[in-house]
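There are 2 protein chains.
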Amino acid sequence: MADSSGQQGKGRRVQPQWSPPAGTQPCRLHLYNSLTRNKEVFIPQDGKKVTWYCCGPTVYDASHMGHARSYISFDILRRVLKDYFKFDVFYCMNITDIDDKIIKRARQNHLFEQYREKRPEAAQLLEDVQAALKPFSVKLNETTDPDKKQMLERIQHAVQLATEPLEKAVQSRLTGEEVNSCVEVLLEEAKDLLSDWLDSTLGCDVTDNSIFSKLPKFWEGDFHRDMEALNVLPPDVLTRVSEYVPEIVNFVQKIVDNGYGYVSNGSVYFDTAKFASSEKHSYGKLVPEAVGDQKALQEGEGDLSISADRLSEKRSPNDFALWKASKPGEPSWPCPWGKGRPGWHIECSAMAGTLLGASMDIHGGGFDLRFPHHDNELAQSEAYFENDCWVRYFLHTGHLTIAGCKMSKSLKNFITIKDALKKHSARQLRLAFLMHSWKDTLDYSSNTMESALQYEKFLNEFFLNVKDILRAPVDITGQFEKWGEEEAELNKNFYDKKTAIHKALCDNVDTRTVMEEMRALVSQCNLYMAARKAVRKRPNQALLENIALYLTHMLKIFGAVEEDSSLGFPVGGPGTSLSLEATVMPYLQVLSEFREGVRKIAREQKVPEILQLSDALRDNILPELGVRFEDHEGLPTVVKLVDRNTLLKEREEKRRVEEEKRKKKEEAARRKQEQEAAKLAKMKIPPSEMFLSETDKYSKFDENGLPTHDMEGKELSKGQAKKLKKLFEAQEKLYKEYLQMAQNGSFQ
Amino acid sequence: MADSSGQQGKGRRVQPQWSPPAGTQPCRLHLYNSLTRNKEVFIPQDGKKVTWYCCGPTVYDASHMGHARSYISFDILRRVLKDYFKFDVFYCMNITDIDDKIIKRARQNHLFEQYREKRPEAAQLLEDVQAALKPFSVKLNETTDPDKKQMLERIQHAVQLATEPLEKAVQSRLTGEEVNSCVEVLLEEAKDLLSDWLDSTLGCDVTDNSIFSKLPKFWEGDFHRDMEALNVLPPDVLTRVSEYVPEIVNFVQKIVDNGYGYVSNGSVYFDTAKFASSEKHSYGKLVPEAVGDQKALQEGEGDLSISADRLSEKRSPNDFALWKASKPGEPSWPCPWGKGRPGWHIECSAMAGTLLGASMDIHGGGFDLRFPHHDNELAQSEAYFENDCWVRYFLHTGHLTIAGCKMSKSLKNFITIKDALKKHSARQLRLAFLMHSWKDTLDYSSNTMESALQYEKFLNEFFLNVKDILRAPVDITGQFEKWGEEEAELNKNFYDKKTAIHKALCDNVDTRTVMEEMRALVSQCNLYMAARKAVRKRPNQALLENIALYLTHMLKIFGAVEEDSSLGFPVGGPGTSLSLEATVMPYLQVLSEFREGVRKIAREQKVPEILQLSDALRDNILPELGVRFEDHEGLPTVVKLVDRNTLLKEREEKRRVEEEKRKKKEEAARRKQEQEAAKLAKMKIPPSEMFLSETDKYSKFDENGLPTHDMEGKELSKGQAKKLKKLFEAQEKLYKEYLQMAQNGSFQ
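Chains as they are written, first to last, in UniProt numbering: chain E, 1 to 748; chain X, 1 to 748.
If chains are identical, the list can't say which one is meant, so a pair holds when it fits in one copy or spans any two.
Lysine-lysine pairs mimicking DSS-like chemistry, simulated, CA-CA at most 25 Å apart: (1) 492 / 82; (2) 49 / 86; (3) 503 / 49; (4) 537 / 217; (5) 482 / 217; (6) 104 / 139; (7) 82 / 482; (8) 82 / 48; (9) 503 / 48; (10) 101 / 482; (11) 503 / 82; (12) 503 / 86; (13) 679 / 723.
In case anyone wonders, no lab produced these hints; they're calculated from the structure.
For reference, chain E alone in the conformation it holds in the complex:
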C-alpha cells in the first residue's frame, strides 16, 4: 500500500507486499484400486516416477479379442498417465513362454505331425481313433462346465461323421485316392482327440526340448504384430520366463529360506497357512472370499500338474507350486531340488521383483487373474521382500463378452485380433474401447462398433470442415480476426470443456465421459460455424484451428491417432512438404540415372551379369516399393511411382504372360522336335522297305519293294501303281538326303 504520507516525490524504494493467489483445489487423479475396490487418490512413491508391471500373454495360440480388451485398455491408461498427467512411467511386461499349456500344445503338435508323416493305413487310423475315443468319452462325462461339455460333444459328433465314410471306403475297397481323402478328413476332425491320446501314451518319450521354445517364439512374434496393428505401444522392457530361470530359482530359494516355502518330492510349494498366520502379512488381499476355492486354485496349477500325487505333496490344499519337478517328456532346468520348471505365479514375482524391486506403483492384469494368480504373486513377493506393500495400486481390466455371451471356443464366438481387424480398423476398435470404462465388462457387438463408427464419422466431418476453412486464401494477418461475442463464448466453452475433460480423466480415467465432452465441444463448434455461415461471415480460423488441434492432440494421447514417432531432427528442414511423390522422386531419379550409366558401360564392355542385376532391380525389387522403371531404347528410363498393389498385380500378370509365352515356346519347340524326329524316322526308311511292313494292304512286291498285288492277291491298277511309284520316288529323295546328312555328321 502507498505510504501514508501520500508524498510522491522520488517514489518509495520498496516493492509492495505480494502473495501467491489462493488458487483452487486442483483435482487429482484417482484410480480404482482392486486392493480396496475403491477409487483411491493416486500417489507415486518416488516423485513423478511410476513403476508398472503388466502380466503379458501365455504364447501358444493366436491372440484374441480378450487379449485386445486388456492390452488396448492398459495402453490407454499408460498413455494417459504418461502423456496427459506427465508421470514418468516405466512399463514392464512379461511373456509367459514356459507353461503347461505350451508344453502340452507343443508336444501334441509334435506327436500329431509325426503320426501324420507316418501316413497310417486307413484301418490303423480307424483303430487308433477308436482307442482315442475311450479316454475322450470318460473326460466328456466328467465335464460339468456347460461350455466345455458342448465343445467336447461337438468334437465327438464331427469325428463320428468323418469315421463312417472311411469305414465304408475300406469295406467297399475303393481306390487309394478316395480312401486317402477320407483319411485326410478324419485326421483333421480327430486332430484334437488323437493329439490328446498320442500325448497321453507317447508324451513322456519326447526328448526334443526345442519344440518347447519354437512354438512360443512363433506366437510371441504374432502377438507383437497384432499389438503393433492395434497401435499398442511396446513395453519399455519385456521379460521372458525362459530367460529368467536363474532369477526364479533364487527367488524360490529365498522364500524357502524365509520360511514360507517347503520342498516336497522334488517340487517346492508355498506355505499359505504359514504366510497368512504371520503378523507382517495377509494372504488373499484381492479376493479373500476365494481363498480355499480349489477349482480356481487347480486352474492356476496348470493342466500337467493336477494329478492326485501332486496334491498329496502339499501340506494344505490351499498351497500352490513355486517350482514343479518335471516328469519325462517335460522340459526341465537345473535347480537345487533336482530337475524341474517354474510354477506359473512365481515367474511374475521374480521378473517384476528383479526389475522393479520391493514395491511397485502399479500392477495390471485381466480381471479373472485376481485369484489365484495375482493374490499368489503378492504372497510370493511379500514373502520374499518381507514387506506388505509389493503393489500399491492393482488395476484389473474388465471382461469382454461377444454379443452378450462369454467368448469361448465352444460357442464358436472366438474372435482373433486378426479377424476383428478385417472388419474394423484399429482406430474404430480403440474408439469403441474409449467409449467404455476400462474396468467394466465391454460387450463387443455390432451395436458397440456401430456407435464407434458414428463417433468417428462425426469427428472426421468436423476435421474436414475445419481444414476446408483453413484453406480459404487469406493474407497472413487475416487469420487473426477480432473476436466478437460468439468467439469469446465459443472460447469459454472450449476452456470449460477442457476443465470437464480434466475432471473426467482424474476420475479413474473415465474416457467414456471424455468422449462425450469432446462430442459436445464439436457440436458447439458446428453451431458456431453454421451461425457464421448464416450471416455470410468467415469463422475465426485461429480459434477453430486451436480447438481442432486440441481434439487431435487428445486423440493422439489416447492412441486413436498415430503419433509421428520419427526420431531426432527431421531431415529436410522445416515445412518439407511431405507429399510422397515430391519427396521420393529425386532419389529415384538418381537411382535410375546410376542404373543407366552402369548398363551403358556393361553393354560396351560386355558384362552380362550387371545387365541381369539391372533387370532384376526393375522387375523384382522396385515393384515391391511401388516403383515402375520403363526402359526405352536410346531414351532415358521413365520412372513412375505407382500404387504398390496395382504394381504387384501387374508384375504377377507379366510373369503369368511370360510363363505362358515360355510354355508356348517350349510346346512349339517340343512339337517341332517331334516332327523332326518323325521326319528323320521317316527319312531313315530305305524306299525298298517302305511298303514291306504294309502286309495288311499288299500281298506281293517287286524287287525294288514296290507292291504289285493287293491283299487279295489282285494285281494293282495302273493308277494305284503310279501313285505308289510317286511315293517311292519321294522316299528315295528323302533317303538320299538322310544318307547325305549321316555323312556330314549333322546328327550330334
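Based on these hints, arrange chain X on the given structure of chain E.
Just chain X now, with coordinates in the frame of chain E:
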C-alpha cells in the same frame, strides 16, 4: 494383518487395510516474478487454466534480434507450461498499430515519396537539403545519448559526401544523366534528413488517414512471417489497437469516473498521486525506484507528445497520457473529449482487460518495458477494476547484446531476424536461446552460436547412430533382448536424468541446465553403445529408441523440432505417417544394395569405369540430396539421411582437405625433385673443378684443383688441407656415381 485366530478355512471375507504411499514432496514450478524479484511458487488462480498476456510489437519496421530475444523465450516458456506442465494456457498478444512512431514514419515516408515523385531539379534539391540541415544540426547538438549522437553524425557526413559531387556536376553543366545519378545518390543519403524536415513543415497538412494503417499492416504481416520462420507459435488470440478503440475509450472513461484520471485541454491524464495515495493501490510496483524518472516517462509519452504545452496540461510531471488530443496531420478517433487517439500504455490495459478480465495469471514483456509501460498498465487496470492484483506473475525476458554491445542502428550492429536466419537455422537460434536463462542478458555472438552448432551436431550424430542401430534387421522378438547390468544401469541413469530435468524445469524453467542434462544423457548412451560394439554385441534397441524418443519429445516441447501439426485423422490410414526418413529410406536401401552388387562385379571383372561411377554417386550426387553413404570394407554400406547443408559443407570440407593433401603431396614431390636436381648438379662437378670457382677463399691450386694457398697467398695449414682433401674425395665418389648413371642412361 491376518486375523489373530490364524484359522485359514474358507478365508477371511475382508480385504486388509490399505493406505496410499507417503510419496515424496513433488517439486513444484517456481517462476521469477518481477513483482517480487524472486522465484515464487506458481499457482494459477483457476484450476489448470493460465491466462497470459504478452506485449506484442509496434509494427513500423522489420523485426530484429531484440524481438527474437523476447518472442522465442516467451514461446519456450509457453510451450513448457502448456506441453510439459500441462497447464491450460490461454495466450493473448497485441499488435500496436497506433503509435507516434508509426504516425511519424508513415507521414515521413508519404511526404518523401511525394517529394521524390515531383523529381526536384538538382539546384532545388541542394537548396532543400541545406534547409533541412539547419534543424538537423540543432537536433544533433542537443543530442546527449552517445549512440544517437554517433548515428546523426554519420548521417550528416554521408549527406555532405553526396552533396559535393552534385554541386560539381551542376557547376560543370554535366549531362542530364550524370546529374540525375548524383541526385539519386543524394536523395537516398538525405532521406531521413529530408523526411524529418518535410514532416516538420508539411506534416500537419496530411489528411489521408489510410497511410496510417497501410504501413503497420505491412509490417504486421512481416512480423508473423518472421515468427513462423522462428517456429514461434501464433497467439491464441491477437488484438490490434486499431480494432479496440471503443473499448479503450470506455476504459479511460471508467478510470476518470473512478477518480484516477482527469481531462485537460482535450487529452486525458492519469493522476498518479491520487492513485498512489489510495489505501487500495500502490504505484510503481515493478520499479518503484524509477517513479519520477522524467526521461523514462517522456519516452513512454511518444515522440509527438512531449512538447512543452503537453507537459503543462499535467497536474504532476509523473502523470501520463491515457488519451491524446490529435493535432492536424495526426489520425484521430471520436471520443467524449473531442478528437484524439489512445496513449501507449492504455491499449494493453484495455485489450487485456477485455479478454482476461480483472486478474490474469501471467503478463510478459521485454525487460526495458517495466517502467513506465508495465507499471502504468498495472496502475490503469487496477484503477479501472479497483483491485490490487491485475497481474499475479510478471515475467520479463532479458536483454540481447550483439557481441557484447547494445544492439542499435547507430552501431551498425542492428540485425534483423531475416539477416540472422541467413546465417543460422531457426533451430540453431533456438538451441542458443535454450542454452541461456530466459531472464538474463543473452549475448548473440559467434561464440554463442558456435556452441549451439556443436550441441546440434553432437545430438544429431547420436540420433543418426540410433537410427542406424534400429535399422539392423532383427525379427520382431529380437527388439526385446534381455536386460543385463549395462541396460539396467543405463535405464537408471535415464530416469535419474528425467528427474533432474524435471527439477530444472521447475526451477524457473532453467533450460540451460536441462540442455546440459540432455547432453550428459547422450554421452552415457554413447558410452553404452561403444561398450557393446567393443564386445561385438548389439545394443538394446528398445531402450535406445526410448531414450532417443524422449530427447526428441523434449526438443519438440522446446520448439527446436517441428511438431507434426496436421489436424484430425491422418489420410491414408495407419503407418503412412509421412516422416521423410521413413518414406525415403527404403528407396535408398535399394540404391545402396544395387550399387554394392554392381561394385562387386566390377571389381571381379576389373571394370574401373563402374567403380568411378559408384564413387561419383557417393561423393557428388547423393550429398546434393542430403544422403551420406559410408562404405566399410567387407561390411554393408551405412546409409545416413543428413541435413543437406551440413552435408554440402562436409563435402566442401572434404574437398578442401583433399585439395590441401594434394597440394602438400605436390609440394613434397616438387621439393624432392629440387633436391634431386641440386644433388645431380652437385654430382656433375668433377672434383678437380670443385674449388676453382672459390676464388674468394683461395689464390693457388695444385694440379688436382685442390687449394694450396688462401686469399692472402698464405699457405693453408695441414688441418685445412686435410679437410679439403676429404671434401675432394667425397666429390670424387659422387662424380663417379654420376658417370655410372650417365652410362646406363638413367636420366630420361
